[in-house]
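Asks: Sequence:
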Amino acid sequence: MDGLCGAHSASACGYVIIQVRMVWEKNLHVSVSVYFIFQPAVEIYSLHVDCKVTSRFAHTVITSRIVNRANESREATFEVELPKTAFITNFSMSIDGEVYPGIIKEKAAAQNEYDSAVSQGQSAGLVKITDRKLEQFHVSVSIAAASKVTFELTYEELLKRQLGKYELLIKVRPKQLVKHFQVSCPGEAGQGAVLWVLAQPCSL
1 MDGLCGAHSA
11 SACGYVIIQV
21 RMVWEKNLHV
31 SVSVYFIFQP
41 AVEIYSLHVD
51 CKVTSRFAHT
61 VITSRIVNRA
71 NESREATFEV
81 ELPKTAFITN
91 FSMSIDGEVY
101 PGIIKEKAAA
111 QNEYDSAVSQ
121 GQSAGLVKIT
131 DRKLEQFHVS
141 VSIAAASKVT
151 FELTYEELLK
161 RQLGKYELLI
171 KVRPKQLVKH
181 FQVSCPGEAG
191 QGAVLWVLAQ
201 PCSL
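For reference, each letter of the sequence shown is one residue, going 1 to 204 in full-length UniProt numbering.
Check before you lean on any hint, since a few could be wrong.
What the hints assert, rightly or not - Below, simulated DSSO-like cross-link-like pairs (lysine-lysine); rule was C-alpha separation at most 30 Å, straight line:
1. Lys179 x Lys148
2. Lys84 x Lys160
3. Lys179 x Lys52
4. Lys52 x Lys165
5. Lys52 x Lys175
6. Lys84 x Lys175
7. Lys160 x Lys52
Unchecked claim - So the derived label-pair ranges between C-beta atoms look like this:
8. Lys179 x Phe57: 24 to 34 Å
9. Gly97 x Pro186: 21 to 31 Å
10. Phe57 x Asn112: 35 to 45 Å
11. Ser116 x Lys52: 31 to 41 Å
12. Arg161 x Pro186: 12 to 22 Å
13. Val99 x Arg161: 35 to 45 Å
These aren't lab readings, by the way, just hints derived from the structure by calculation.
Here a beta-carbon is modelled for each residue, glycine too, at the ideal position from N, C-alpha and C.
Sequences are here, hints too, so could you generate the full structure?
Replies: The structure is reproduced here in structure tokens:
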């Protein structure tokens, strides 16, 4: 069964909550929450979540494209709440068309390099993995004036059966209206597969 959906919801606090739920007769439970927190001058103009399920194995790619419309560098934060059993297989950042793959460095050295780039008004990213029990993936990014940045995060997970079903749940919180928003969830399902799309008003 293939599912393709998208939704926009305006609210007083300026962001939307999109919940996509897919249930199969032979599937499991996956819970994903994605948070995109940006300063007003930084616009998310495209946000795609592509999840493919094959033989109870979920492969998810989150791609966010943003632009800094200010005349000075701005910092943004990209946070992803992953399922407990998920593992990250790739993270990259593309600045004005040039791709920078994620590189692991000693904490202090990475922080110093990031601070230096920020002080010079350059685009830079710093990834922090918090306590694994919290399933938080955190990226701080300094975006140069009038620059475009693309984030791509890939993670995978083996789905588990719960109450005889497999469930895939994806929550997306861009915290602003996104011009091009898409969630694509093709997967294997038996008869009676259901797809729900729910747009909710702002709630922290």
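Asks: Take the hints in turn and mark each one as holding or not.
Replies: Verification of the supplied hints:
With a CA separation close to 15 Å, the supplied pair Lys179 and Lys148 stays within the 30 Å bound. As the CA atoms of Lys84 and Lys160 are separated by approximately 12 Å, the hinted pair is consistent with the 30 Å bound. Between Lys179 and Lys52 the alpha-carbon distance is near 23 Å, which keeps this suggested pair within the 30 Å criterion. Restraint check for Lys52 and Lys165: satisfied, since their Cα atoms lie roughly 17 Å apart, inside the 30 Å limit.
The suggested pairing of Lys52 with Lys175 holds, with an alpha-carbon distance near 25 Å, which does not exceed 30 Å. Taking the CA atoms of Lys84 and Lys175, the gap is about 24 Å. The hint holds against a cut of 30 Å. Between Lys160 and Lys52, the direct Cα distance comes to roughly 15 Å. Compliance with the 30 Å bound is thereby established for this hinted pair. Between Lys179 and Phe57 the beta carbons are some 32 Å apart, a value that agrees with the proposed interval 24 to 34 Å.
Checked against the hint of 21 to 31 Å, the pair Gly97 and Pro186 passes, with Cβ atoms roughly 28 Å apart. The supplied range of 35 to 45 Å is met by Phe57 and Asn112, whose beta-carbon atoms lie about 39 Å from each other. Take Ser116 and Lys52: their Cβ atoms lie about 39 Å apart, and the range 31 to 41 Å holds. At roughly 20 Å, the beta carbons of Arg161 and Pro186 sit within the given window of 12 to 22 Å.
Between Val99 and Arg161 the beta carbons are some 38 Å apart, a value that agrees with the proposed interval 35 to 45 Å.
The earlier numbered hints are all upheld by this structure, with none contradicted.
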